[in-house]
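Protein sequences appear in the order of chains P and G. With the first letter of the first sequence counted as 1, position 151 gets the number 150 in numbering that gives the first Met the number 0; the numbers rise by one all the way through. With the first letter of the second sequence counted as 1, position 472 gets the number 471 in numbering that gives the first Met the number 0; the numbers rise by one all the way through.
Don't take each hint at face value.
[Said to hold, decoys possible] Take a look, some chain P residues computed to stay more than 10 Å from chain G by CB distance: (1) L71; (2) E189; (3) T218; (4) A254; (5) K265; (6) Q269; (7) M271; (8) D272; (9) K274; (10) T291; (11) A322; (12) Y324; (13) E331; (14) T346; (15) E353.
[What the hints assert, rightly or not] Covered by chain P, according to a simulated footprint, are these stretches of chain G (three or more residues, beta-carbon under 8 Å): (16) 105-113; (17) 342-355; (18) 368-380.
For the record, the hints were derived by calculation from the structure and aren't laboratory data. For glycine and all other residues, C-beta sits at the position ideal for the given N, C-alpha and C.
Here is what each chain is made of, one letter per residue.
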Amino acid sequence: MKTICTSIAICVLLALGSVAHAQDSAAGAPAAGAPADAAAAKAPALPAWIQEINDRPWDTGGTFWLPTKASLQADSDFMFYAVLALSLFFLTGITAFVVYFTIKYRHRPGHKAEPSSHHNDALEITWSVIPTIICVFLFIGGWDGYVSMQTRPAEPLLIKVTAKKWVWDFEYPNGWHSPNLHVPIDQPIELQMTSLDVLHAFYVPPFRVKQDIVPRRYTYIYFTPSRLGTYRLYCAEYCGMNHSLMKEKAFVHEAATWQRFIDEAKAAEQNMDPKDLGKMVWEKKGCIACHTIDGGAKVGPTWKGSWGQQVKLTDGTTATVDAAYVRTSIMEPQKQLQPGYPPSMPTYAGQLSEAEINGVAAFIESLK
Amino acid sequence: MSTGNPNVSYFEASHGIKNWLYTLDHKRIGLMYLFGILTALMIGGAFALLVRIELMAPGETIVGPETYNRLFTLHGAVMVFLVIIPGVPAALGNMILPIQLGAPDVAFPRLNLFSFYLWCTGAACLLLSIVFGAIDTGWTFYTPYSLGGDHTPVMLAIGGAFLLGFSSIFTGLNFLVTIHKFRPQGMGWFQMPLNLWALYATALMQVLATPVLGITLLLLFMEHFLHIGIFDPTLGGDPVLFQHFFWFYSHPAVYIMIVPAMGVISDVLTTFSRKPIFGYRFIAYSSVSLALLSFLVWGHHMFVSGQSKLANMVFSALTFTVGIPAAIKVFNWTATLYKGDIRLKTPMIYALSFLILFTIGGLTGLFLAILSTDVHLHDTYFVVAHFHYVMMGSGLVAFLCGLHYWWPKFTGRMYPERIAQVCAVGVFIGFNLTFLPQFVMGSRGMPRRYWDYDPEFAIFHQISTIGAIILGISMFTQVIYLMASFKIGKKAPKNPWGASTLEWDAPSPPTLYNFPEPPEVHEIYEYDDIVEESPDNWVRVNRKGTGTKAEH
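Hey, can you work out the whole structure from these sequences and the hints?
Have a look at this one:
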């Protein structure tokens, strides 16, 4: 009864798998995305074509079992399917024997246990040796794939990654920072990663790579993107309250577009109006996780309508929300806490430029 | 040795709450453990259901992210430290181990009571930390997260785990000595029930691995209160070192959960097939080899933690060696069914469920032992599903199996068979419905410990939640009917299952010192001389045992 249910469940899973697979191959490469003018209306600060790329939806295709392959490192898929086949073979075999024996030798009037040997050395040695041989092959296959993932490729493109609760920061060779990962296709990538607080982990399922990020240490990831698209980028190591919201986009660009993209995005940010820059900081540097701009309460006080207000502080004094107050809040957040909010904001000292700090103040001022 | 009238059952030997709280009787201590563990199981199960209901839909369903993080932390900590680790050894082991040896008690009854009270204190600390501010570090307490901010409750929970560890060490020590010294004449090592082999292997691990947990937790204390930089990177410590310490204990701990489960299953499969176990020695040796290998594979939890490639290679290779004794056991159990006379009583339904669920748990472990696929699957729902198949699908199912199997022995009452069979099937279906979809979402890239998730995973989460509800109902019903059977259950005969091991020669429930007179030792797992006199009442005819009496 139970075993039959298992078999049915597995059959259903496999059938669903083939359907999902068919859908994937029909979908093909990602479409161009939303019309540029609609996207531009949302945030006029960036060139339309950059905004259009930023707004592209995630590419969530794949087979039933695995997401789309988007890097050369995804060759571990062969091992995955090999073990899947092996597992289904053994599971079906054992289930079949258990069900068959249970039915055939079930208790019924007149039926008795028949004498059979208590052990059989030849049989037992056989079924010890066969798993051993299989395991040796599995180990070698896995080791081989792992070494190729871990070997630093010749002339990789270096991107520096800084993770902190609950924001990603990718620093590109031209000095531009982004919470999203932008990489050119067919170019070996090296990510040099560190964390400012607790453990995090870099994980982009279609690239099949994952690596923990450890504070005060560098860890590295190597991969070569092999398919254009927009993929999910996750933090995979538990890092506290908003762990599940620490997710961004990984973009794979055409080789030529990539350079233009990071250059123009950088230039656009430098020439941006301070309050637009402040809005971008709010989105990119993680302020958004705790502070709303619509008056709603989150972990921290809302920014909406706070400019120029008198606020009570936990030490009994009052302060006016102005440029100085905002600057202190960013650099030394524990110094002026408002009652009713946890003292959980980390300092941003050294992580924001002067222009960005002024931008945040300008942005809050614009939310009056 | 406990006091009271030795000629009546241990329930009636003495009366009053004081005689229970100060008892030195292994059966009373075992029963108290059992109540503690079942209570913890209900609490841990309630946390699990809340987690699953929150995950019914993306975004906030019933709780916010902070509460969610506390829920999964408490679910893990309660289930691991309070339910599965003590489940088979401390509760069932205490109740059954001395009787299986034909002995009146364990070797050190006072130490036994002490470990019970350590367990209670540890459990209280762990549960108090809920009231005191709710920990949210995950049951693994990974640094530096567990060191940051206001985490005094974490220290309380860690103190609890520390005491629970010592409880586990003392129980293990007690069992080792008992098995070495209290075996009756005529019961050599290879005439022991396989359940005793498994409890012996488990006790070895408890004694050798748990001190490392104690050391680790002490270091955390020192770091927290004295600011010595051991794990905290801002003090010059190494957070990855904590993971080494933690898994050096916690990997054997997984085997502390699964090896005794294998012992229970071995005893139950042979009883309800009415046939000797196939390959007794292979199963006995594989229990001990699993116990030894369990110390050599901790690094497979850390393939992407930043440990060296060489270490990863060694740990991957060693991990595969664990698969071999596990595979041998599954084949031997399956072969035991061959030409048997199989009765699908509740314990047998659990044992057959165990065979399938353990096979799935073991095979999916291969995906995680392979370095290249582990990089993709690590910290996803694939891992969550895998360890639930091993810890719950195998460990907890075997606990339920043993609980039903020995229930008539230590309570003297039968549980209601038909309802129990339905619940056992409910557990199997609910379990698979909960965790099979999690393999798929994991391999598709759904990270674990996520409060919010992306829409493409919604369908899998919904199936999983429905399964969890079926599972929850089945588990809850069991607790109800088991408790009810205490009062209204049919009186149990000495040997309701026709089992061959020594505990079934003791009265149900046993007298204060288990056997009114020392029992005769019989050949292990021989069923020819045991016949069903009336339904569910088996007796030995023409005893042809080795003819020696247990002496103490």
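Here is how each hint holds up against the structure:
no.	hint	verdict
1	L71	holds (13 Å)
2	E189	holds (16 Å)
3	T218	violated (5 Å)
4	A254	holds (26 Å)
5	K265	holds (29 Å)
6	Q269	holds (33 Å)
7	M271	holds (30 Å)
8	D272	holds (32 Å)
9	K274	holds (29 Å)
10	T291	holds (15 Å)
11	A322	holds (29 Å)
12	Y324	holds (24 Å)
13	E331	holds (17 Å)
14	T346	holds (13 Å)
15	E353	holds (27 Å)
16	105-113	violated (count 0)
17	342-355	holds (count 7)
18	368-380	holds (count 11)
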